[in-house]
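The opening residue of the sequence shown carries number 1 in full-length UniProt numbering; numbering runs sequentially from there.
A portion of the hints provided could be inaccurate.
30 Å max Cα-Cα, derived BS3-like pairs, lysine-lysine [what the hints assert, rightly or not]:
{"hint": "1", "residue 1": "LYS352", "residue 2": "LYS339"}
{"hint": "2", "residue 1": "LYS164", "residue 2": "LYS262"}
{"hint": "3", "residue 1": "LYS24", "residue 2": "LYS120"}
{"hint": "4", "residue 1": "LYS363", "residue 2": "LYS392"}
{"hint": "5", "residue 1": "LYS103", "residue 2": "LYS143"}
{"hint": "6", "residue 1": "LYS114", "residue 2": "LYS59"}
{"hint": "7", "residue 1": "LYS390", "residue 2": "LYS352"}
{"hint": "8", "residue 1": "LYS363", "residue 2": "LYS114"}
{"hint": "9", "residue 1": "LYS103", "residue 2": "LYS24"}
{"hint": "10", "residue 1": "LYS413", "residue 2": "LYS341"}
{"hint": "11", "residue 1": "LYS413", "residue 2": "LYS120"}
{"hint": "12", "residue 1": "LYS135", "residue 2": "LYS103"}
{"hint": "13", "residue 1": "LYS120", "residue 2": "LYS341"}
{"hint": "14", "residue 1": "LYS164", "residue 2": "LYS297"}
{"hint": "15", "residue 1": "LYS114", "residue 2": "LYS390"}
{"hint": "16", "residue 1": "LYS262", "residue 2": "LYS297"}
{"hint": "17", "residue 1": "LYS120", "residue 2": "LYS38"}
{"hint": "18", "residue 1": "LYS413", "residue 2": "LYS390"}
{"hint": "19", "residue 1": "LYS103", "residue 2": "LYS164"}
{"hint": "20", "residue 1": "LYS139", "residue 2": "LYS114"}
{"hint": "21", "residue 1": "LYS413", "residue 2": "LYS392"}
{"hint": "22", "residue 1": "LYS38", "residue 2": "LYS59"}
{"hint": "23", "residue 1": "LYS135", "residue 2": "LYS341"}
{"hint": "24", "residue 1": "LYS392", "residue 2": "LYS120"}
{"hint": "25", "residue 1": "LYS38", "residue 2": "LYS135"}
{"hint": "26", "residue 1": "LYS363", "residue 2": "LYS393"}
{"hint": "27", "residue 1": "LYS339", "residue 2": "LYS120"}
{"hint": "28", "residue 1": "LYS24", "residue 2": "LYS50"}
{"hint": "29", "residue 1": "LYS339", "residue 2": "LYS393"}
{"hint": "30", "residue 1": "LYS262", "residue 2": "LYS341"}
{"hint": "31", "residue 1": "LYS59", "residue 2": "LYS24"}
{"hint": "32", "residue 1": "LYS164", "residue 2": "LYS135"}
{"hint": "33", "residue 1": "LYS135", "residue 2": "LYS390"}
{"hint": "34", "residue 1": "LYS413", "residue 2": "LYS297"}
Everything labelled a hint here was simulated from the structure, so no lab data went into it.
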Amino acid sequence: MGRAGSTYCSEEGNARMETITIEKMTYGIDALGHLNGKVVFVPYGAPHDKAEIDILEQKTDYARASLTRLIEPSPHRQLSPCPNFPECGGCHWLHLYPEVQRKEKEAYLEFLVKPFAPRKVYPIEPTSDTRYRNKMELKVQVKDDGTIMLGNYRYRSHDVVNLKGCIVQCAPNMAMYDAFRAFLESAPTRNLARNTLEIMVRTLPPQQHALITLREPPDEATLEAFRTFFNTHTSLGRLEIVAQNTSCLTLMREQEPFIFMKRPWVVSPRSFFQNNLEGAEAILYTLLTIHEPIAQKGKFIDLYCGIGIQTLLLENRFEETVAVECNEDSYQDALRNQKLKGTNRTRFLCRKAESIFGTPFTKGVIAALHVNPPRTGLSQRVLRGMSGIKPKKITYLSCNPMTFRRDAVMICKMGYRLEQVHAFDLFPGTYHLEILGTFVR
1 MGRAGSTYCS
11 EEGNARMETI
21 TIEKMTYGID
31 ALGHLNGKVV
41 FVPYGAPHDK
51 AEIDILEQKT
61 DYARASLTRL
71 IEPSPHRQLS
81 PCPNFPECGG
91 CHWLHLYPEV
101 QRKEKEAYLE
111 FLVKPFAPRK
121 VYPIEPTSDT
131 RYRNKMELKV
141 QVKDDGTIML
151 GNYRYRSHDV
161 VNLKGCIVQC
171 APNMAMYDAF
181 RAFLESAPTR
191 NLARNTLEIM
201 VRTLPPQQHA
211 LITLREPPDE
221 ATLEAFRTFF
231 NTHTSLGRLE
241 IVAQNTSCLT
251 LMREQEPFIF
261 MKRPWVVSPR
271 SFFQNNLEGA
281 EAILYTLLTI
291 HEPIAQKGKF
301 IDLYCGIGIQ
311 TLLLENRFEE
321 TVAVECNEDS
331 YQDALRNQKL
341 KGTNRTRFLC
351 RKAESIFGTP
361 FTKGVIAALH
371 VNPPRTGLSQ
381 RVLRGMSGIK
391 PKKITYLSCN
401 PMTFRRDAVM
411 ICKMGYRLEQ
421 VHAFDLFPGT
431 YHLEILGTFV
441 R
């Protein structure tokens, strides 16, 4: 395997060649080994590899290296099932067998939560290893020779790599990838590629939406080309063109509703929604189990509620429900989904999570609080607010185990105990792990 990432010259002026045995995976793209007592991070290594590496960067307590030759390949290593790996930066662990990936995630999860001594840590819920992504985000780049690149960034770079098929994207997304590639490479619209930043496609059967982000507003000829594309590709229910945060064109056609958890839902292109439907369903059913089906006295507060799915599924179990979302698109979808359900039990608010504390919405008995923050985790203001309202139960859904652990320390200092932990493998082939922690007083 060739060098990954940027090169680094040692003090002698050259990268230094060494031999190492890989011990385990980190929460990231790197594998980990030791050399002369120092931790060494090696991208694309596998546990039990004996490998030749180049030391690229030396720090006081660790080093970074690239894998140059496998002396004794690990038995945990597989030939990648994807032709794009490792050049495409979308997946990180496709050189490991799926069962090994899950074993490494289990080990990391155990390390993460062990200091909290939870009563129960459930085994990671697996999902399908292929075709699980319903959302595709593509970067567009034109090389100096005019070659159009449409795909993901190469690892630790801003070089776009074309996709030659993709094993994790759903088939309708890949069909639309081929359609957009042909569109950008056709003679009438070839110059459009230089003005295109990215293309997003989301397929929630039977619906499919696309969002094109341009650098500069398009002229009328370009808009007409997009209209022709939309009329030709009837699988698209919505095509939106934006430039400089302004919508330039929105085309729509009637499609059957997206049915999930036995209900119809509205999910706009810019709204947050889980990329893995199988995993999302597992998370929601787990939440329904955690929050008992009997009516509970007090309020349920849902921070970072997105399009309101978990809110609307749980609202009947509490006397009162308040849901907060700062993204306008997601908030509007939540209101539409509430209307589809035909209920008004929940008060949806479009505001930052921090701003709800100290208002009438957080007064009284708080039976349960659910939080699903971005990767950065909970802000200090939110944590202080949580401490003040003293919910009886907190469920914390996290897409970043490191910020989950940081925030869990603070929540436990408020007098809570991490009662149980569920984890979900929503992104096989990557190091990512979704964690659902339940805290009780």
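Against the structure, the hints:
no. : hint            : result
1   : LYS352 x LYS339 : holds, 23 Å
2   : LYS164 x LYS262 : violated, 35 Å
3   : LYS24 x LYS120  : holds, 24 Å
4   : LYS363 x LYS392 : holds, 14 Å
5   : LYS103 x LYS143 : violated, 40 Å
6   : LYS114 x LYS59  : holds, 28 Å
7   : LYS390 x LYS352 : holds, 19 Å
8   : LYS363 x LYS114 : violated, 34 Å
9   : LYS103 x LYS24  : holds, 10 Å
10  : LYS413 x LYS341 : violated, 39 Å
11  : LYS413 x LYS120 : holds, 20 Å
12  : LYS135 x LYS103 : holds, 26 Å
13  : LYS120 x LYS341 : violated, 34 Å
14  : LYS164 x LYS297 : violated, 54 Å
15  : LYS114 x LYS390 : holds, 25 Å
16  : LYS262 x LYS297 : holds, 27 Å
17  : LYS120 x LYS38  : violated, 34 Å
18  : LYS413 x LYS390 : holds, 12 Å
19  : LYS103 x LYS164 : holds, 29 Å
20  : LYS139 x LYS114 : violated, 39 Å
21  : LYS413 x LYS392 : holds, 15 Å
22  : LYS38 x LYS59   : holds, 10 Å
23  : LYS135 x LYS341 : holds, 25 Å
24  : LYS392 x LYS120 : holds, 19 Å
25  : LYS38 x LYS135  : violated, 40 Å
26  : LYS363 x LYS393 : holds, 16 Å
27  : LYS339 x LYS120 : violated, 38 Å
28  : LYS24 x LYS50   : holds, 12 Å
29  : LYS339 x LYS393 : holds, 28 Å
30  : LYS262 x LYS341 : holds, 11 Å
31  : LYS59 x LYS24   : holds, 20 Å
32  : LYS164 x LYS135 : holds, 17 Å
33  : LYS135 x LYS390 : violated, 37 Å
34  : LYS413 x LYS297 : holds, 25 Å
Comparing the model with each earlier hint shows violations of hints 2, 5, 8, 10, 13, 14, 17, 20, 25, 27, 33; every other hint is respected.
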